[in-house]
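Which chain is which? The protein sequence lines are A and B, in order. For what it's worth, my numbering labels the leading residue of the first sequence as 1, then goes sequentially. For what it's worth, my numbering labels the leading residue of the second sequence as 1, then goes sequentially.
Treat the hints as calculated values from the structure; they're not laboratory data. Please note that the accuracy of each hint is not assured.
Said to hold, decoys possible - Have a look at the derived ranges for each label pair, beta carbon to beta carbon:
1. LYS137(A) x VAL135(B): 48 to 54 Å
2. GLY133(A) x VAL103(B): 37 to 43 Å
3. ARG273(B) x ARG252(A): 26 to 32 Å
4. GLY133(A) x GLU53(B): 55 to 61 Å
Stated by the list, open to error - Derived DSS-like pairs (lysine-lysine); straight-line CA-CA distance at most 27 Å:
5. LYS211(B) x LYS196(B)
6. LYS132(A) x LYS196(B)
7. LYS121(A) x LYS132(A)
8. LYS121(A) x LYS137(A)
9. LYS196(B) x LYS137(A)
10. LYS196(B) x LYS121(A)
11. LYS190(B) x LYS69(A)
Heads up, the beta-carbon is just placed ideally off N, CA and C, and yes, glycines get one too.
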Amino acid sequence: MPGFVRLQDVSLRYNDEETALALHRTSFEVDQGEFVAVVGPSGCGKSTLMKVVTGLWPATVGQVTVANKPVVGPLSIVGMAFQNSSLLPWRTILQNVMLPLEIVEPHAGRLRRERGTYEAKARDLLALVGLKGYEDKHPWQLSGGMQQRTQLCRALIHEPSLLMLDEPFGALDMFTREELWLALQELWMARRPTVILVTHDLREAAFLADRVLVMSARPGRIILDRKVHRPRPRALDSTYDPESVNLVHELREHISAARANAA
Amino acid sequence: MQHEPTRLDDTRTATTESDDLPVLVSRTSFFERKLVRQALPWVVIVGMFIIWELFVRVFSVPEFVLPAPSAIFTELWRWRVPILENSWQTLMTTLVGFAFAIVIGAIGGVALGSSRVIYDGFYPALIAFNSIPKVAVIPVLVIWFGIGTIPAVITAFLLSFFPILVNVATGIATVEPELRDVLRALGASKRQVIMKVGLPRAMPYFFASLKIAMTVAFVGSIVAETVAANAGIGHLMLVASSRFEVPLAFAGLIVTGLMGVGMYVICVAIEQRMTGWATRGSEGVTFGN
Chain A
1 MPGFVRLQDV SLRYNDEETA LALHRTSFEV DQGEFVAVVG PSGCGKSTLM
51 KVVTGLWPAT VGQVTVANKP VVGPLSIVGM AFQNSSLLPW RTILQNVMLP
101 LEIVEPHAGR LRRERGTYEA KARDLLALVG LKGYEDKHPW QLSGGMQQRT
151 QLCRALIHEP SLLMLDEPFG ALDMFTREEL WLALQELWMA RRPTVILVTH
201 DLREAAFLAD RVLVMSARPG RIILDRKVHR PRPRALDSTY DPESVNLVHE
251 LREHISAARA NAA
Chain B
1 MQHEPTRLDD TRTATTESDD LPVLVSRTSF FERKLVRQAL PWVVIVGMFI
51 IWELFVRVFS VPEFVLPAPS AIFTELWRWR VPILENSWQT LMTTLVGFAF
101 AIVIGAIGGV ALGSSRVIYD GFYPALIAFN SIPKVAVIPV LVIWFGIGTI
151 PAVITAFLLS FFPILVNVAT GIATVEPELR DVLRALGASK RQVIMKVGLP
201 RAMPYFFASL KIAMTVAFVG SIVAETVAAN AGIGHLMLVA SSRFEVPLAF
251 AGLIVTGLMG VGMYVICVAI EQRMTGWATR GSEGVTFGN
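Chain B on its own, in the form it takes in the complex (with noise of 0.2 Å):
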């Protein structure tokens, strides 16, 4: 390379001539460029692929123990219309859950957050419950609305709700009592300061849980369906696992991690919309590190 772009020393110090503008564009590092940074996420995820495949082949591990990639990604495509299927039920149960958690958490969240009476009083009952184990609650939702879509939906409600409900709650709870006055000395209602502080306020916060409630909203569904259900991804690896046919089960990880990360992308997507001014628009700039 003859720019030598990596390099890390400026200690040249800076002269008046004009030829030396080149040393400050070479600031940029290989990694901080652009292009390269957004390649980086991919680079990663072949070259797992690639070690995971060779580690498999020179240590000729077995079939049912690890599976190559090139193995899984061929169960993929041969079982490519019952993945389909079993994914789309798996995302449908996953999105109502989560679109219940959202709304009940949002309004919670609300509650908890801008009542100190509300918040005294349910906050403990909240974390007892939350920390029951959601796997031993299934058998109980089994025996109540049979096997089938409703509890993996519910489980995917319980688990993802919680977040949202304790980060818009402190969104709301933690507005600088400032802003609180400015409102108040207007002669705001309490409504109003919700509506106009509170609210606003929270978004980065609700939009940070989602984040992570769409992750335990999957994992919610999917447990939920290897325990009590006819269809879904967690269904299909049962039914592969049991049939000892572990690239398919691998496959049915992948798909689950597909919808993850597709989940998650949009998330932020719709966050950086609605929160830039949370972020203080620092995106693009990047002096220093």
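Isolated chain A (complex conformation) (with noise of 0.2 Å):
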């Protein structure tokens, strides 16, 4: 379905000064399916829009559709993860992952008559990330890498039609990222979730989006919109292929102009 998510002139701001502007006539659609990465130098309303596509705030001008309803409240269809870890300490893996089936319906009425069937369910994604036999640990007892992994599974079990993911591995090392860049990639061939990825990892966004919208200094709106034609699945050593490397330049270059626009 074109235009599953869709912004027009969509501003935010913050309350009511004139550098509370995060967000200011940003426009773009993203296609059922498609595999968008938002790149764009730091501070510019990268997390804002992330935050008003899920309708967790309003736009304060403009509209967000999404699957052709306008936003209006946070959505169920959406599984969201987040740049640190946002893991209940106090519950295990387990039951972390299985979190959103308390609330998101129809699942929170069948979970009691069925917790086997989505026990089932919420174990083997874990093992499809790696982490089987870490269900009933707490979150604290694994690395930073695994607390990432749990927290795809938590945005995937409810099987989101639309999967935000904001700058979900920011915060680890090169290594754990490129592993979980493959973890990624396979989990959304197998289901072909849209997907909203925020990272300020050009390598990232080359390696993993369709498709890479760049955002301009802050107010933030959209100032490239660069389509990535690369089969899949995609291998980590394509990253260092010219047409990627060139790719990411490309993004560079444009990052570079905005920060300089905006100094």
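Relying on the hints, combine the two individually framed chains into one complex.
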């Protein structure tokens, strides 16, 4: 479905001050099943964009629609993962992954009767990202990379049609990060959700996305919309192919220009 | 001591020889050993009583000023039946007041912590109320309810509900926005956010406050008993001191201390069961200091 996520002239202002303008007349569309990465200089309103799309914050001006419905509040068809581990420390890994099932309908109503089925599903998902055997551990007993894997599972457990990832690998070292790129690519190819990934790692954007959007410095708007035509599954080595390297260079130049304009 | 277990020097450079292993073992100093650590509080208490006893005997302090521990324990044994009866009365009074404090403090804390409007509206009034010395309220309570158990229960409640309320409210109000967003992004209702994040998150705060509230609940009931009751440890101590039976009054103090410690230990035990995640299970890990 084209235009699964659609933003039209969206602006967002935190309060009445002029400097508090985080987004300025931003428009773009994301098709269903598409993997879009949003990159930009820091503080350009990438995270704000995520919150607007998921309905956590209302847009000040303009319209946001997801699946042809205007967004007026948080959407349950969305799965989210954040930069810092937002796992609940009092829950085990399995309980954390199953959290969305306790809230999102129709799962919440069925959970009590079909706990076994759902639990098996959660265990399968954890096994897929290599966390078999850690189900009964608490988040703080796991490494940062493992916590982010758990977050990915939690974002996917209720089979959302839209996956919003807010720098989910930002706090990880390079090797763990690359490992998780592969895990994410695998998950995405298996289920084909629509993905919007906010990141400041250009290699990450070039490796994972079908399309890369570059945002300007604050107030943010889209200054480049670049398609990435590369076959899947992509191998990690391909990030050093000339095509990929050129793309990263191109993105980098746009962001440098955006930063220079802001300064 | 042959192994010098208390020595702190670890400047010896490690070699590959296996006989260096005992050096590592002796790193846990004498005072860090489990048995010693468990015995330490008892050593301190017994030592205190011994010093006290010696002090009284050496300086021949009159009994009505400071009775010796031996005299106190003799009285404690002689009056064991009335002391037990009155302790039971005090314990029950305290527990009933404390129970009300838990229920109302927790409910009020949730309301205060989850709603900005309720917080802004009620907090100043609560602060004002908490600044009133509760002892000054007891005469009013006596006018309303007469002399007896009820003023003591209410005083115990009034003193102990505030710490619980404030702590629960703080725990809920300071939930990390990220955690709240996780739930809100899933379309969770406000109630669900409180049930799934707010309450579990407030649990460590709640239990921390129970430990404070427990001890001040005893203060409340005993103070009320000394002013307006005809039973309880407070009453017993008042009667004892008015008859110059100072060792008996001190016996009452010791019993009060024991009850306080007992309840505290129970609170801590429940806390460790319920909120082990908050201390990250660090118990038992004794590396470093």
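Here is what the structure says about each hint:
Taking 48 to 54 Å as the suggested C-beta distance range, the pair LYS137(A) and VAL135(B) conforms, at roughly 51 Å. A hinted range of 37 to 43 Å holds for the C-beta pair GLY133(A) and VAL103(B), which are about 42 Å apart. Remark: the range hint 26 to 32 Å for ARG273(B) to ARG252(A) is contradicted by a beta-carbon distance near 54 Å. The hint said 55 to 61 Å for the Cβ distance between GLY133(A) and GLU53(B), and at roughly 60 Å that hint holds.
Taken as a hint, the LYS211(B) and LYS196(B) pair is honoured in the structure, with Cα atoms around 24 Å apart against an allowance of 27 Å. Proximity of LYS132(A) to LYS196(B) is assessed by CA-CA distance (about 25 Å); at most 27 Å being required, the pair is judged to hold. Between LYS121(A) and LYS132(A), the direct Cα distance comes to roughly 12 Å. Compliance with the 27 Å bound is thereby established for this hinted pair. Restraint check: the Cα-Cα separation between LYS121(A) and LYS137(A) comes to about 18 Å, which is no more than 27 Å; the hinted pair holds.
Straight-line distance between C-alpha atoms of LYS196(B) and LYS137(A) comes to about 19 Å, which keeps the hinted pair within the 27 Å bound. Note on LYS196(B) and LYS121(A): the hinted pairing holds, with a Cα-Cα distance of about 21 Å set against a maximum of 27 Å. Simply put, LYS190(B) and LYS69(A) have alpha-carbon atoms about 23 Å apart, close enough for the 27 Å limit, and the pair holds.
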